[in-house]
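Trainee: Using the sequences provided together with the hints, build the complete structure.
There are 4 protein chains.
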Amino acid sequence: MSEQFFPNVQKIKFEGAESTNPFAFRYYDENRIVLGKTMKEHLRFAACYWHNFCSTGFDIFGEGTFDRPWIQPVGDQLALAEQKAKAAFEFFEKLGVPYFCFHDTDIAPEGATLKESHANVNHMADILEAEMARTGVQLLWGTANLFSNKRFSAGGATNPNPEVFAYGAAQVKHAMEVTHRLGGQNYVLWGGREGYDSLLNTDLRQESEQYARFLKMVVEHKHKIGFKGTLLIEPKPQEPTKHQYDYDTATVAGFLHKHGLQDEVKVNIEGNHATLAGHSFHHEIAVACAEGIMGSIDANRGDMQNGWDTDQYPNDVAECTLVMYEILKSGGFKTGGLNFDTKMRRQSCERDDIFHGHIGGMDTMAKSLLNAAKLIEDAPLADFVDARYAGWKQGLGKDIFDGKHSLESLSQMVLAEDTNPVSVSGRQEMLENIVNRYV
Amino acid sequence: MSEQFFPNVQKIKFEGAESTNPFAFRYYDENRIVLGKTMKEHLRFAACYWHNFCSTGFDIFGEGTFDRPWIQPVGDQLALAEQKAKAAFEFFEKLGVPYFCFHDTDIAPEGATLKESHANVNHMADILEAEMARTGVQLLWGTANLFSNKRFSAGGATNPNPEVFAYGAAQVKHAMEVTHRLGGQNYVLWGGREGYDSLLNTDLRQESEQYARFLKMVVEHKHKIGFKGTLLIEPKPQEPTKHQYDYDTATVAGFLHKHGLQDEVKVNIEGNHATLAGHSFHHEIAVACAEGIMGSIDANRGDMQNGWDTDQYPNDVAECTLVMYEILKSGGFKTGGLNFDTKMRRQSCERDDIFHGHIGGMDTMAKSLLNAAKLIEDAPLADFVDARYAGWKQGLGKDIFDGKHSLESLSQMVLAEDTNPVSVSGRQEMLENIVNRYV
Amino acid sequence: MSEQFFPNVQKIKFEGAESTNPFAFRYYDENRIVLGKTMKEHLRFAACYWHNFCSTGFDIFGEGTFDRPWIQPVGDQLALAEQKAKAAFEFFEKLGVPYFCFHDTDIAPEGATLKESHANVNHMADILEAEMARTGVQLLWGTANLFSNKRFSAGGATNPNPEVFAYGAAQVKHAMEVTHRLGGQNYVLWGGREGYDSLLNTDLRQESEQYARFLKMVVEHKHKIGFKGTLLIEPKPQEPTKHQYDYDTATVAGFLHKHGLQDEVKVNIEGNHATLAGHSFHHEIAVACAEGIMGSIDANRGDMQNGWDTDQYPNDVAECTLVMYEILKSGGFKTGGLNFDTKMRRQSCERDDIFHGHIGGMDTMAKSLLNAAKLIEDAPLADFVDARYAGWKQGLGKDIFDGKHSLESLSQMVLAEDTNPVSVSGRQEMLENIVNRYV
Amino acid sequence: MSEQFFPNVQKIKFEGAESTNPFAFRYYDENRIVLGKTMKEHLRFAACYWHNFCSTGFDIFGEGTFDRPWIQPVGDQLALAEQKAKAAFEFFEKLGVPYFCFHDTDIAPEGATLKESHANVNHMADILEAEMARTGVQLLWGTANLFSNKRFSAGGATNPNPEVFAYGAAQVKHAMEVTHRLGGQNYVLWGGREGYDSLLNTDLRQESEQYARFLKMVVEHKHKIGFKGTLLIEPKPQEPTKHQYDYDTATVAGFLHKHGLQDEVKVNIEGNHATLAGHSFHHEIAVACAEGIMGSIDANRGDMQNGWDTDQYPNDVAECTLVMYEILKSGGFKTGGLNFDTKMRRQSCERDDIFHGHIGGMDTMAKSLLNAAKLIEDAPLADFVDARYAGWKQGLGKDIFDGKHSLESLSQMVLAEDTNPVSVSGRQEMLENIVNRYV
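Respectively, the protein sequence lines represent chains A, B, C and D.
Okay, so the first sequence: first residue is 1 according to our numbering, each after it adds one.
Okay, so the second sequence: first residue is 1 according to our numbering, each after it adds one.
Okay, so the third sequence: first residue is 1 according to our numbering, each after it adds one.
Okay, so the fourth sequence: first residue is 1 according to our numbering, each after it adds one.
I should point out that these hints are in silico values taken from the structure, not numbers from a laboratory.
The structure displayed is predicted, hence computed values, not measured ones.
Possibly wrong hints are sitting among the right ones.
Said to hold, decoys possible - These stretches of chain B come out as covered by chain A in the derived footprint (C-beta under 8 Å, 3 or more residues): (1) 37 to 49; (2) 147 to 153; (3) 160 to 170; (4) 419 to 431.
The C-beta atom is built at its ideal place from N, Cα and C for all residues, glycine as well.
Mentor: Encoded structure:
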């Protein structure tokens, strides 16, 4: 690599918990074996293309602050995209993430027509392929951007105009095929504009049916092209729209069941989307695991005092320990992984700051994995929970599940036996103390 | 009626919009015909037993302030319940609501055993039956309280202890039968404790299965006893528990689909629960209508600056106009109605204050009905929405729904035709202005 | 006017409540006399330069959708600014707002140096002056933008770098002088970046002292140049920063008292900022009036389900009636007015949509004024409140305020007289019903 | 001690970080020296009377679940209060907290008259005095309850009825004197009902003046009786009222400045009140320190997904490390301390559960103290912050503070020198990583 975009940063190495080197890992030791797998295999870290390489750090109140020479309002956009790819892979390689993720519009400029856009994407896919081969970095997932261009202002799949639906369908088809070609392990759908700004001009039932139709086409095409990766829906409650249809994991799970898609589609859960929906990150993961649709994670955090998507780096080991505990309990990631859908604060304007963010995020998740593994081994929570629900594995509880009881028979039993169950402590505070022993 | 509990209040009458009599209706004219039905038939107002007659106005920081002589910590509780029934029916009759609603534990004191509790409920059911016959007031819905007694502190149907499940089942059985006997038009399930306080001691999948099993038993028993009313689940996101499983309408709809119960159970939507879940009241009604599970309404409002259930009287005609518009659009209430699950502010300590609250609430909904009816007749919103989605009724849109397209064929079409749809205005501000013409 | 930017729209006229013309006022009849003044004099409407003429409708997830030919990434920016001014004054005139508002960077492009920026602003001020003379539209307030340029990413007055403080001071000086020259009636300070993103790198005490120093310089300069308008601080709790120092009206009032500036500076209250701070719009206005620092209003609304500044047009007559009631009670606007700091939804992409938004907003405030005037005349609230606090005008209450009592003497009195005050109803529901009679 | 209320629990001892004994401290080693003082001297832990001994665990939806034999609806209330005191001191002693806190109504039953109430309080004060002597447990602060009795439903000091003001004054006088007699180190005012439920019936200016008058009387009485402790106001934004006047620390600071009380009164900051006000706990502490009014802490946490006061035990070491860091930076506690205004979850119904809660809370704060002490010693944050603001200690920055500059002179400087400050990174992510090294 002749020119370097991050000349001050060397490959990030593991140096151990006592290291004070800000450009070293303290916990992420990729080859360390934990519960029979390496940390790398467990965590399946990915960095994203968009926040890191496609944003100048602008916000709604001010211009960009970041130093990103490959982003220019004028000039040869495809040549700039090539520079961007070089910067991206230099970063991925130095950081040591095994995966990356992208939207079609991240990697290549949009053309005047879809045909041109596809050509640009194809051109860049060649370059990404070469960079992937050179570095060994793989693709965790790809996706199509159906929310930034103004044609999607009223939605992609749920647009009142069927031509927009068609345009989005064509874009998804191509993005999925590029993902397939690049060996992507998942394909994600995030419906940033699949929602409404006002109920006054919206037909909810109509849009819901459009969405289901679109999703079924996507499933069909996946099988048609032989893509073996997982399809993932990413729930978000609102922003940019007032309300998004994929509000949270429970909503998505219900939608999948309604349309018989529960075995075809899983969820990509983002920490910040969880909290915007009024849930803890832990909750969303636990619901997805309980529903059997846990797929992948966008590992970030929000700001509990701010009501928009801040996409900050995860840094709460206590919370992420419970997230990783749920993941491990449910068997660990299959095709999914931990993608950092994270961005720098606007004041973090030095190019090297993105290393600080990711190193902190990776160490947070690595330490959380270590803690969670110990929680799995010692099983203090699992033992408590098993004992708490033991009554459902036998006797009355089992009979109820086995269909041996009705309201009638249970009523007779309670009246006959003067059943009067006594409460036992849920021991929440004690369990919280126990968890803190592992954090 | 010898003794009176509200001696200063006479039967509330309609006096017209210009009336300044605080004890008169300005809009609710029960026999006025609107879109072919009387206002009474449209609105199906109900007052609730619990907030009005079972609470002293205490809150978590202070004692009761209300003057409720039939609530006494000591003394003959059944005799007090009889007094309470007299007060309730005096109130219902003077207010002129055609319906009321109750929990089993509202109408009768709990006994030392379930048998005693049932006997108390039966005793009071005789009295209610007589009062209903005397006054013509009918039962909109009944329900069982599976959340106040400490035995339900870890849930009813979702309790880790199957004996609690059984106890709750027995209670629901009896409450549904009493509801049936009294001609109730719906039976409601609100799972105040069906949720979790901590994920650390909770098995979400297990509790979800218990809940589904319980609900199926309830459906089965309904059919067995020939109850023709509607079963209703009332969504609420949290409070008293940290998280309730029936979070919002979309969550309940999904759960019903998952378990094949979407034709057996509908929702009872509360305005304040909607806002606690991060939705507008209008949103929850619109989702329920779109899902075909709109059942009944708990007509109250929350305080947008307070994060708990304030259960205030609806007084926002603009919002309730849109709520009634959705109801009318979907064909109006069938067995459901508008129940005031509302309570006085703690400072509203005079006994007559509950008339002020209800009169305001009823007039708000009555005016909203009138506005909504006009919105239906003039159809400015429906016309706009129909035009906006017209592309889906023919040509490309229809073909997509008819299964004539795949991602492949749509992609070919877009590439071949250089399809590049242009955005048209959603006209949100104009539509908001139009709605304001009807408010 | 040769070229027109809004050729399809004529001067908006008052047509009365029954009008269904979307380009007419139904309530705003500028010459109608209300409580001795015209509606125009009462409401003092202003339209803003920024949202209407400086934004393309982009959001953080997507490009602009609005048709604004005077916004171009390349080309002669000063010539474009001249076009923009023409469009703006065509709009102001057709809409019939008596005032407008601007930031320095709205009206003129930033130069390579501050000197160039000043020259640009001066050039445009000449043009504005001519347009103002031509149309009779006046300046409600001006302000300097110390938040968009990346130099202000860590704040203006509160920046860790004193050079940024100096730069901001120079910009404010010039903006205030231009405001003065154009006859502006107020000068506003909104500290979008005067706050923190992280406490870890922030010295709160230091930044607070910087801010006070800055504000005192502004006050000093105002007097020096003989500007007679009012200085206004605009509170906002967060966004773009995590926390802004001018959090809400109470915070600003306290800050002014701490630094002895309570007679020099007032507040410009925005509806959406109020709700982001956890207050109702009504609350913020009421606090400002009670503190004697009510200055001006940014009349917009937020979305109660979205946690960011949506800057929507006010359309809730019930709420705005209470806002206008507080304003009238405190004597009406002096130099302040009602500025629409409002923006179109991103889907409202037609150029004419900004008329719909403003017409709706102006009618909402006009109807609210009419309602509020009647509430003032009939005085049902004032009478109730006066009676409620009557005890403080005489006897014990007066003695307490007159310093005739101590804890000691009050204790003696209560013990001697067995004082045991009985609660009386606050009559909240009854008062809410009364207000609804006026809405 | 003959009878024991917590027979299964022995005195809690420090056993070290590796201990798995749930009834032992892992970090709180009271005699360990940290930065020159013992942990006991630094942390000044207190347990509260109210949640632990005066509550049955009821919530608004259900009855109590806790086993508290000294709480009985009927019977000799003074004798029960004596039992309660025994239980309390057994608990304080076994837990090893050096302090406790109480409301007047916690320790003694209210009488039919204030005279009787005072007599009851005095009787119990004798008993507390003896228990304090016996155990060595001291009083951190006392307070009067002006919110539970229905006479205070419209406020104490801010009540529309001056007789209620007088009653409250008499109660505060007595509670302060009892606090003084028992050697209390602070006296707290929490205005649970000093706020409004509706602006419609409220005169904000009047109530604010009442409140200021009341507070001045309290200050006067403090000096009169020679009480040397600190007066503390406890901010809370809402609940039970819709809005409380002591909304947050900034609001209280402003109020104190307005009335010249900033040297007489400090704040008692509660973690859960901070988050209800839209702030982080850390923020409220930092503001109080910056304002010089940091007094004492109610160490609890809220639930970020629930909008009411959950009063849970602190268990987030990362957050509390920053809280303790601010405290240490500002010189540590003077008269204040860490009071656990915490309560058990309703399902934690075993009597011993309150030990689990407190042990976890104390260890969380103890570990946080250790972390914070290291952050003080190593000073990575302080060094960064000092360097960041260095420009204000000399040259231009110093000149600005020294009054050598005006807008005019700064403008001249910027124009003359073409000052164009360049942004430097705020390094937020790097600093967050550094903090995580200390957690």
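Trainee: Kindly indicate which numbered hints from before are broken by the structure, ordering the numbers from low to high.
Mentor: Hint 1 is the one this structure does not satisfy, whereas the remaining hints hold.
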